[in-house]
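Visitor: Line by line, the protein sequences are chains E and U.
All the letters of the first sequence, read from the start, carry residue numbers 1 to 369 under the working numbering.
All the letters of the second sequence, read from the start, carry residue numbers 370 to 960 under the working numbering.
Note that these hints are calculated values from the structure, not bench results.
Incorrect hints may have been included.
[Stated by the list, open to error] Pairwise CB distance ranges (calculated):
1. U/Ala413 to E/Pro138: 30 to 40 Å
2. U/Arg572 to E/Gln177: 45 to 55 Å
3. E/Arg135 to U/Ala663: 31 to 41 Å
4. U/Arg572 to E/Arg217: 42 to 52 Å
5. E/Pro138 to U/Arg583: 25 to 35 Å
[As the list claims (entries may be wrong)] Calculated lysine to any residue pairs in the SDA-like style (CA-CA distance at most 25 Å, straight line):
6. E/Lys268 to E/Leu342
7. U/Lys951 to E/Glu134
8. U/Lys951 to E/Glu118
9. U/Lys951 to E/Pro356
10. U/Lys951 to U/Ala573
11. U/Lys951 to E/His95
12. U/Lys951 to E/Met96
13. E/Lys113 to U/Ser869
14. U/Lys951 to E/Arg135
15. E/Lys113 to U/Ala573
16. E/Lys113 to E/Gly142
17. E/Lys268 to E/Ala257
Think of the CB as a built atom: it goes at the ideal place given N, C-alpha and C, for glycine as much as any other residue.
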Amino acid sequence: MVAVLVEDVSRAFGDVLAVNRISLKVERGEFVTLLGPSGCGKTTTLRMVAGLEQNTGGRISIGERVVSDPAAGIFVPPDHRQLGMVFQSYAIWPHMTVFDNVAYPLRIRRRPKAEIRERVMAALRLVEMEKFAERPAPALSGGQQQRVAIARALVFEPQVLLLDEPLSNLDARLRTQMGDEFRALQKRLGITSLYVTHDQEEAMALSDRVVVMQGGRILQIGAPEEIYQRPASRAVAAFFGSPNLLDARVTGCESEADGRFHLTVEGKGWQGHARAGERFEVGAPVLVLVRPENIQIGTQAAINGAQMAWSGRIATAIFRGPRTSVAIDTGGPRLNVEAPALLNARVGDEVRVAVPPGGAWAIRPEAGN
Amino acid sequence: MAVVAQADVSGESDVAARRAAGLPRGLAGLLSGTALGRRLGMTALFLFLAFLTLYPLAMLLYGSLHSTPPGMAGEFNLDGYREILTHENIIILVNTIGLSLAKTVPSIGLAVLLAWICARTDTPARGTLEVLITLPFFIPPILTAMAWGMLGNKQVGVINMAWQWITGSTSSPINIYSYGGIVWHMMQYSTPFLFLFIVDAFRAMDPSLEESSRMCGASRWATFRRITVLLMLPAIVSSFMLSLIRGIESFESPLFFGTPAGITVITTEIYNAINHRATPAYQYATALSFAILALMFLLVIWQWHLLRGRTFTTVTGKGYAPNITRLGRWRWVTFGFCILFFIVTVVLPVGQLAVGSVFRFFGFYSYDMLTLEHYVAVFQNTDVWRAARNTMLLGLMGASATMVLGGIVAYVTVRTRWRGRRLIDALAWLPWMMPGMVLGVGFLWAFAMLPGPIPIYGTIWALLLAYMALGTPIAVRVMSSAYHQLSFDLEECSRVHGASWWQTLWRILIALAWPSFAVGWVLTFFGIMRELSASILLYSVGSEVLSVALLKLWANGQAEQVSVIGLMMMLLVVFFRWVQIKVIKARISTL
């Protein structure tokens, strides 16, 4: 069942198209994340679903109801959309207590006092804030404010929960913890969530599906692993980390059982195998994506015989704690490698590197440029 | 968010596009269903503001060209302006600007010193000192003027008598009725006024700016000279200009200390031309008013020019813990200095009023002269009661109406993108550069020229409208800074969670902005209570206010009764100031 349906929606500010004809479907109970750099239109999209911004083209439906369709003259104001929202600043009203903040949506809906009390306490229990009910709102830490904002957004059981970068104001450790907690809560209650973030790790850890946006358009929609391991374009690939993108030429192409393709490719001084989501002609140029953590590093003997391998010299090595980032000059491409921290790499060392089977993914060079 | 910011830069086309889309950013834009109501509301707001500001301004121009008093048939000529161009008026102009400069320069120095002591040193009881130093600002100047008239009187003033008693000489070194007296009295108001601006600038400065200078090897003094002072320069320059303008508008000081000594400034010249000539010279006074308005306009333009590109953003919303200089034993010297300022500006004049109220005759202080007869006389004086009632009524109504108007104007200009909001803002700001005396003359014409069925002229409503016009710029400033502090998220969050526009306005915006409203209300109330220059032109029998009644009593030589009323007003000032400080404290703890 579809909870949010965005059809061909655009938003223009003067001549600037902040959102350019995007379409998106969120199933009931699903957690969908809009991911992209700042200015990509993800927040504008969320605000259009909320009704805080009006789309200039297309149609938005929540549940069965069309809430915005400028062509048909339909615009349902935000207060009639039955949504919950968590703002980046949390927007905890400073003149109220925690209880009053969470009770606000129920009081606005004129629910009986006893019911308000019960549901507010239940919501606060969900986020483990029931002890703070009578606290004045300004006397809360960032993490606590975030919990209150979530409780407030959930208290009247909204059709959809909207979240606008809710974790970006927290420090790194708390961010991970709150994110995991929220994901567990979301799964348990089956809340349909539309989430906006610019942090790719957050997006992958939380979401059922990720919508990658850039320049007001959707680049790709898919499960986190798919977006990460099998990007549709160079832009999507480059959005996560600093991948190795190797120029190559197709020397063979076979279909596989799962509908994808198995390519044999040849680059400057190397050759190997890569998988692809589409059919390539023999001789066609191709970009081979190899994630830095998928490259193995070792001595000459250990790697010899691997099908996609290079010899090279370590140009830089940066120890990062859990791992070591190494750049290797191979004479051909320069490779970024995320090596285990135990690797005793010194600049200037001769090493041999290889990509294991399944570690390479091929995309069209022009796509996404 | 970046998209929104980017679109903001593109300016008018962006606004137009948003309007076409029918949904600008922000809460108010969500009123998409009531476009007609919004347009009607904006028109009504515009008309009312225009009546308060543009209309008297236009009437000023009309009156300056009109040969007869308001409401009489006459012809149009340039006689008024021809009359301005005399040698006497050059002296008056030089007096006006010279006196204002003469009080502004030492006031700035004093204010910077006091602000530094209160904000950046470890002087004891700084919080209390700050309240004491700013207290004179809230006392109606007419009260201290009268008190200093008694303190500094050449024959029977307490200061001269004390001098003669101590030294045994018969000379009187102090004469308050002089250039020095005017400057002295004006300084008592401009110093706390400047202090309020400068202490905030001192406090809002990011201490890391100074710390990084120290880390670069600059000494404490070099840092103060090269970093602190230069960062403060925009605040100092803008408060200097404000103080200069206030000095030119000043009426009480030159009226009380200049007129007896034959020193005339522009405001007193306008006043004399209307009230103290055999036939009131309306055309001349109006032409003079228009001329002073032009002068103000030039000063304001100059101020903008000076400040262009110099508004350093050292002021942020953050509460910094400023660098504190440890003074050691010297902190008692600075403490004493602040107390001395308080004694001179508050204790001396208030003490004089208290003493003056209980002796039979002003200047004759002995036990057998002690009496309560003046209190009895004042409480039996129906004119005084009526004036007190009028002042209270005007204060309550005027402060409430002005703040509501200011709240609406600020909402329209800060929280919406409605068409015409800049015009509304400009209209509401216009009285900022109009001296009370000039606005009074403008309203004199404006009310007299109203068609018959609208009888405002000579009633209490005339004063109310004038007070509203004078108070609106401050009301708008207070309310817009309150709205600026509230993020749009707070409103939008309320909308998404089911509250309508009106519910959000009431439960979120007003609920959060009311402490500022209260603070602004008290400020406006003080403003009305102390107002003299517009009142003196617009009152008529039955609608006198306290300041006018005081002036009349003073003119009749009843300094003793003046002291009684002054003391009562002082109590009121202290009470309201106390309430205001309580409210500010409460607000700081909740926001």
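Visitor: It remains to establish, for every hint, whether it holds in the given structure.
Guide: Here's how the hints hold up against the structure:
Between U/Ala413 and E/Pro138, the C-beta spacing of about 37 Å keeps the proposed range 30 to 40 Å intact. The supplied range of 45 to 55 Å is broken by U/Arg572 and E/Gln177, whose beta-carbon atoms lie about 37 Å from each other. At roughly 58 Å, the beta-carbon separation of E/Arg135 and U/Ala663 lies outside the given 31 to 41 Å, and the hint is violated. U/Arg572 and E/Arg217 have their C-beta atoms about 48 Å apart, which keeps the hinted 42 to 52 Å range intact.
For E/Pro138 and U/Arg583, the Cβ-Cβ distance of about 33 Å falls inside the hinted range of 25 to 35 Å, so the restraint holds. For the given pair, E/Lys268 sits about 31 Å from E/Leu342 by alpha-carbon distance, which is inconsistent with the 25 Å threshold. Proximity of U/Lys951 to E/Glu134 is assessed by CA-CA distance (about 24 Å); at most 25 Å being required, the pair is judged to hold. Between U/Lys951 and E/Glu118, the direct Cα distance comes to roughly 36 Å. Violation of the 25 Å bound is thereby established for this hinted pair.
Restraint check for U/Lys951 and E/Pro356: the C-alpha separation of about 72 Å exceeds 25 Å, so the hint is violated. Restraint check: the Cα-Cα separation between U/Lys951 and U/Ala573 comes to about 22 Å, which is no more than 25 Å; the hinted pair holds. This hinted pair checks out: U/Lys951 and E/His95 have alpha carbons roughly 17 Å apart, not beyond 25 Å. For a cut-off of 25 Å, the pair hint linking U/Lys951 to E/Met96 stands: about 20 Å separates their Cα positions.
Annotation: proposed proximity of E/Lys113 to U/Ser869 holds, straight-line Cα distance about 21 Å (limit 25 Å). The hinted pair formed by U/Lys951 and E/Arg135 meets the criterion: a straight-line CA distance of about 22 Å does not exceed 25 Å. Simply put, E/Lys113 and U/Ala573 have alpha-carbon atoms about 45 Å apart, too far for the 25 Å limit, and the pair is violated. Distance check on the hinted pair: E/Lys113 and E/Gly142 sit about 29 Å apart at the alpha-carbon level, beyond 25 Å; violated.
Straight-line distance between C-alpha atoms of E/Lys268 and E/Ala257 comes to about 30 Å, which puts the hinted pair past the 25 Å bound.
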